[in-house]
Structures are given as structure tokens and as C-alpha cells.
Amino acid sequence: MPNTLSKLESWRRFIKDSHLSLIHALVIALSLMMTFGAWYYANAQTENRIENAFKEARDQATGLISARMAKYEDALWAGVSAVQSHGGDMTYQQWKAFAQTLRLDKRYPGINGIGIIHHVEPGQFGAYMQARRGERPDFSVYPAHDNSIRLPISFIEPEQLNAAAVGLDVAHETNRREAALASSASGEARITGPIVLVQDENSTPGFLFYAPFYSDGRNGAQTDGKRHLDGMVYAPFVVRKLMAGLLSKELRNVRFSISDSGEMIYDEHDPADPQFDPSPKFAETVQLDIYGRNWTIDFRTSLGFRQAHSYSQPTLILIGGLVIEALVISLLFFMARSNQRARAYADRVTADLKAETAKLEKANEELEQFVYITSHDLKTPVRGIGSLTEMIQEDLEGYFNSADADPEVAANLQRIAERVRRMNDLTQGVMEYARTGNHAVEDKVISLPDVMDTLRSDLGLSASQLELCGNVTHIAADTFNFVRVLENLAGNAVKYHPEPERAKITVSVVEADGRYDVSVRDNGGGIAPEHHSRVFDVFQTLRRAGQPESTGIGLAIVKKSVERHGFKVTLQSEVGQGADFRFSWPGQGAAAARHQDKAA
Amino acid sequence: MNILLVEDNDVDALILERTLKKHSPAARIVRACDGLEALDILTTERARDLPRPFFILLDINMPRMNGHEFLDALRAKEEISGNIVFMFTTSDNPKDIARAYHRNVSGYIVKPSSSAGTKKVLSALQDMWEVCTPPLCASA
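Chains as they are written, first to last, in this note's numbering: chain A, 1 to 600; chain B, 1001 to 1140.
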């Protein structure tokens, strides 16, 4: 088990190191499956095809044997017909003439001859012998036997090939006799079991083929009533010759042997045969019922079959598939590797960029911190100067009230006080500007009506002078800066209004597409379009002599606050038409996302 | 009204002293220039020179020991932890405010920028002085 586990582990690491994804593995697995599937299928198809070829060869051989035997049967029945047409018997001359018309050597290759066997009743043997000896003086019947039935071969053509058979009583021997009796009883053509023909010098297996004929021409497979067997037309066969005429062995890739009742009558399975296959690809035995006998035919494929049916297709498919597979795998590896390189490069660049950004952000932060600290530290001495100026003013009160007082002294002291106040405002403004963006105050959801109330009281406005409209009642994102923006815009609207007591400000907050669209509109003096681009710059003020003091930081804070969130402030205004400042602010979702960021 | 003023800025101290002299001539003021000196005044023989009871007016930005550190040290020392402290500083930083109240200051006063403002602060403190009963331990 641990071995399997460690193996799995090492595979897992291998896959991981090579950066092969699951999909890659899947592609490889699927294509491997397809390759093996195609190979398996092709293999099965080929096997099937080869088996069919074998079956075809087998059936062809079987069919040929049956067809050839049927043809011989026809010849026998032709003999029977000839006997019939000669009034139930034929003379030696007549048979010889008939046999010649059959042209055995041409039309019936494999047949050894065709002849007539007479059924000789015990009482008629003398007459029979007389008739035969009348044709051929040296005719004799042999061998003697104890069976009551006598079935001597009267004629056989061509005689010179079959001379030994003339006069042979086929009843003398079991195989010959039983087939003859079976043929006689059924009225059908029959063959004998394995015998050795007397005329075959090689003493190879053979058989006789009988077709019976009866008295009164009652031939054929009739079963009604008894009939008297007159004799049989017969043909002797040497199996070797029969098969030689069947289908040339050289043209076949299948060899076979035939046995009858366990006795081999024909055998091609010869180890000396150059085509002999000691372990044939296919082998099958077929039972063939043939004219009363049952032949067992043992088919085996030869070496030629192997050669003719050795298909390399499946192997080629497998090899081709595996080669493609190897290519795919290496391609995937290359892809994965270059992908990894690209990613590493991208990571490096990203890391560089991040470091650069972080550096810039830090520099920016430091700069803002510097500005903040500087302006903060300036506050104390400036306040000190202010306080000391006040002190001097207090101390010199007696002098100012005296008759010889120089009014310039009081005026100058007053100027110092004013400059100090202005300095205070500036440092305060710069501090606030610097603080915009890095305030650390938690965002608290604020209610817009509450903000309006506070603004009204801070700016001394009535409810109708500062109105809220729109469908939003609460702000959740960066509320500290949102309030400062509103304070600045509303404050400016009042501060620069030609008649502050008649100022009217409408704040509209509308939710749109996950953000809030805010508009702060006033009915003041308006701002000429040529100044619009400048009003948001730091320390820019359009103040003219006699107008309220301005640090020029308020709108810069507005701009910075809004742009921090990726939005823009726009101004629509004409001189005398009031001003409309518009900007967007992050919606509810943005605040939630940011909180999540923090939590993470 | 008795005040221990912990303040490093001479001008601020001067203004406070002047305004106090003008509006509450009976008030007595002892000044420490930073937290360490204030602790010294509270815990050594110099404590005898301190008229009791007294308010501590505490600035935040000071050298050596700033206001927060002083406050921590004060509240940590059993015998002086009960003193009444008002923050008196230029900082309006919410963090400073929260931290100070966390250390139980009685009030957080942002330094006014005008003498009128200073006068207002001092008169409020004077009112408090007259209305509130100081803790007993403060005079111990």
C-alpha cells in the first residue's frame, strides 16, 4: 500500500512539475483510448475477416465434395435409366457402349469406373453364370462366402483399369454388403464404408457408390410394397483420386482429412507438406452426412493461409496512433513549458510593476505625510505669532486710545493678525488636502438628511435653502470624504453667493448602475466657463478684491476625493446662472467589497 | 482655581498665564515643560509647592515625554492616578481624542486660536472648579 501511495505521489508530482493540467491529461487519456480502441476494433475486424475466409474455404470444400458426389450419383442414375431402357437388364456390350458415352475420364474425373452388380437369387446362379460366360468365357464369381445373398459385379467399365473387380461378389464383405442392402432397402443411392478396392494396386482407402434398380422398373425411393432388387449400378472410388479431381491442393489454403467411423480415408495433414502448419490458425471438424455414411472432415488452415491473411493494418494503426500520441504528449509538454515560462515572465513583470507601484505609492504617501507634518508644525508658530500680536494689541490699548497714537501701528498689527489668520487657513487647508485619501477613519453609514441638517446649522441655512432630492438616503462608502466634499461645495455656494441670505442649494443623489450620481446646484453668481478648468487646481482662487477670503483648496479637496474613486467632477455654470457641480460616488456594493478586502 | 500646566510651548503658556491673571487673579498656575517634569512635580518634594486641589492641563506634543505617555504613567501610578486631567492641545486628530478619553480625561479641549477663545475656555474651567467637588485622593 505505501508503495502504491508513494508511486501515486510521485506521479502527482511529475504531473505538477510538468504543469500538465487535468484537461491535458484528459486529452491524452482520451486519445490513448481512441488509439487502442481503433487498434482493438481493427484487430477484431481482421480476425473476423480471416475467420470468414476460413469458413468460406471450409464451406467451399464441403460443397465441392457434396456437388461432386451428386454428379456421380447422376451418372449412376443414368446407368439405372439405361438398364431400364434396355428392358431391365443389359448385356456386356450394351453396358460397354453406354459407359463409353459417359466419357468418364473427361466428365467424371476421380471416378474409377462404372459397372453393374446383379442380384443373383440362389436358384438363378446357373442361368446367371451361363449368361455371363456367354459374353466372357473366363467369367467367374469370387470369393466364395456363406451369405445367402449374391451380388457379383457383372460389368465394370473401363475394364482394363478395373479388371480385378470383374466377378467380385460384393456380398462377401461386410462394408460392401451392408451398403448394398441399405441401398436396396431404401431405393436410394448409397456408399459403402471404407474399403480397399481390389483393383487399387496401392491399397489406399476407397468406397463403392451404389444406385439400385428393381424388377418392373420400380426404381427410386418408393416405399410402397415389396419390390425385387435386380441389381445395382455402381462406381468404385479411390478417395485419393476422387479428391485429386476435386480442387487442386495448391489452390487451397485449407487442408482437410476425411474419416468414416473413425477410419481415416483421406488425409492431407502431412508434416512433409511444405504448406503444413503444425499449429493451424483455424481448425474445425465438420460432419457430412453423405449417402448413408457420416464423414468427419477435419479442416485445418495451412501456412499459406497464414501468409495470405496476415494483416499488418491493426499493428500499423496501433503504431501510428502511438506515434501521434507521443507527438501530442510532447506538444502538450512544450506548450505547458512555454506557458509556464510566459507565466513566469508575466509574474516577474507584474512583480516589478507592483514593486514600482508600491514604491510610488510609498513616495506619494511620504510626500503627503511631509506636507501634513509641515503644515501641522507651521500651525504652532503661526498661532504663537497670532497670540503674541493679540497680546501686543492688548498691551497697547492705552496707547491706541491716547491722543498722540500713530494709527498706522494699530493698522499694521491688525494686518499681522489678518495674515496670521490667512496663514492658519492655508495650513489647515493644506493639511486637509494632504489628509484626503489616507484618512484612517472607519466608514460609517451616514444618513443624508442628517448630513443636510448639520450643513444647514454650520452654514446658517434654512430648510428651504438647502434641499435634498433623489432616491438615496444613505451613503456607505468613504463617508468622511463624502461629507467634506458636500461641506466644501455647499460652503462655497454660500460663501461666494452675491446675497448669501437668499442662497438656495439643491443636493441631488440618485442611484445609477451601482454608484451614486450626485449634483450640488446653487443659484449663486455662477462661474465663467473659461475658469472651469482652473477652479479645481490647488491654491487657485477666483477671488477678487472685496470678496470673501479663499485658500483655493476646497475644490482641490473635492476633486481629489472624487478622483480617488475613479470618478470625475464636472462643473456646469454660466455667469449669473448659478453653478452645478456633478460627480459620482461609489455605491453600496463598492463599500461592501472594500470591507471584504479589509477583512481579507 | 489651581492648575498644573503641562506645556512645552512658551508662548502658549504665556498666553494662558496672562489670560488667567487677567480674568481669575486668584488662580495659581504651576508649569511643567513636559511629561517627565510633570511626573516629577507630582511625585517628589516639589509636590508640596503644588496648591491643592488642582486641574492638570495637558498638551500632547511635547519633547521627552508626550501627553499620552504622561497620561499612561499617571493612571498607572496608584497614588496619583485619580487626578483630574483636561487635554489642552492643538491636535483635533480623532485618534488622539479617543486615546485621551480612554485614559479617563475629564475633557478634551482643542487650543483656541484667539484670546477670546482662551478666555472662554478658562471661564468654563473656572465654572467647573466652582461647581465640582474634587476627588479626595487628589489632595492626599
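Just so you know, these hints were derived from the structure itself, not from any lab. None of the values given here were measured: they were computed from a predicted structure. Honestly, I wouldn't trust all of these hints.
[As the list claims (entries may be wrong)] Label pairs and their computed distance ranges (CB to CB):
id	chain 1	residue 1	chain 2	residue 2	range
1	A	360	B	1022	47 to 57 Å
2	B	1040	A	447	25 to 35 Å
3	B	1109	A	391	16 to 26 Å
4	A	572	B	1022	26 to 36 Å
5	B	1109	A	410	26 to 36 Å
6	B	1022	A	565	46 to 56 Å
7	A	388	B	1109	34 to 44 Å
8	A	499	B	1082	52 to 62 Å
9	B	1114	A	374	36 to 46 Å
10	B	1112	A	398	50 to 60 Å
11	A	351	B	1112	48 to 58 Å
12	A	445	B	1114	43 to 53 Å
[Stated by the list, open to error] Taking lysine-lysine pairs in the DSS-like style, the calculated list, with each CA pair at most 27 Å apart, reads:
id	chain 1	residue 1	chain 2	residue 2
13	A	359	A	559
14	B	1095	A	560
15	A	96	A	362
16	A	359	A	71
17	A	106	B	1022
18	A	106	A	226
19	B	1022	A	362
20	B	1021	A	379
21	A	379	B	1119
22	A	55	A	71
23	A	379	B	1022
24	A	444	B	1095
25	A	559	B	1119
26	A	560	A	444
27	B	1077	A	379
[Claimed, not checked] Here are some, though not all, of the chain B residues that point toward chain A, as calculated from beta-carbon distances under 7 Å:
id	residue
28	1015
29	1106
30	1110
31	1113
The C-beta atom is built at its ideal place from N, Cα and C for all residues, glycine as well.
Cross-check of the supplied hints:
1. A:360 x B:1022: 47 to 57 Å: Between residue 360 (chain A) and residue 1022 (chain B), where Cβ atoms are some 53 Å apart, the hint holds.
2. B:1040 x A:447: 25 to 35 Å: At roughly 50 Å between Cβ atoms, residue 447 (chain A) and residue 1040 (chain B) fall outside 25 to 35 Å, so the hint is violated.
3. B:1109 x A:391: 16 to 26 Å: holds, 20 Å
4. A:572 x B:1022: 26 to 36 Å: Hint violated: Cβ distance 54 Å, outside 26 to 36 Å.
5. B:1109 x A:410: 26 to 36 Å: holds, 31 Å
6. B:1022 x A:565: 46 to 56 Å: Cβ of residue 1022 (chain B) to Cβ of residue 565 (chain A): about 51 Å, so the range 46 to 56 Å holds.
7. A:388 x B:1109: 34 to 44 Å: violated, 21 Å
8. A:499 x B:1082: 52 to 62 Å: For residue 1082 (chain B) against residue 499 (chain A), whose Cβ atoms are near 56 Å apart, the range 52 to 62 Å holds.
9. B:1114 x A:374: 36 to 46 Å: violated, 23 Å
10. B:1112 x A:398: 50 to 60 Å: This hint is violated: roughly 25 Å between Cβ atoms.
11. A:351 x B:1112: 48 to 58 Å: holds, 52 Å
12. A:445 x B:1114: 43 to 53 Å: violated, 36 Å
13. A:359 x A:559: holds, 24 Å
14. B:1095 x A:560: Holds - the C-alpha atoms of residue 560 (chain A) and residue 1095 (chain B) are around 23 Å apart, at most 27 Å.
15. A:96 x A:362: violated, 131 Å
16. A:359 x A:71: violated, 108 Å
17. A:106 x B:1022: violated, 162 Å
18. A:106 x A:226: violated, 38 Å
19. B:1022 x A:362: It is violated: about 50 Å lies between the C-alpha atoms, which goes past 27 Å.
20. B:1021 x A:379: holds, 25 Å
21. A:379 x B:1119: The given pair, whose Cα atoms are some 20 Å apart, holds under the 27 Å limit.
22. A:55 x A:71: Given that 27 Å is the threshold and the Cα spacing comes to 24 Å, the pair holds.
23. A:379 x B:1022: holds, 26 Å
24. A:444 x B:1095: holds, 16 Å
25. A:559 x B:1119: Roughly 38 Å separates the two Cα atoms, so the pair is violated.
26. A:560 x A:444: At roughly 20 Å apart (the allowed maximum being 27 Å), residue 444 (chain A) and residue 560 (chain A) satisfy the hint.
27. B:1077 x A:379: violated, 34 Å
28. 1015: Where the cut-off is 7 Å and the nearest Cβ of chain A is about 5 Å from residue 1015 (chain B), the hint holds.
29. 1106: Status violated, d = 24 Å.
30. 1110: Result: violated, 11 Å to nearest chain A Cβ.
31. 1113: holds, 6 Å
The earlier numbered hints that this structure contradicts are 2, 4, 7, 9, 10, 12, 15, 16, 17, 18, 19, 25, 27, 29, 30.
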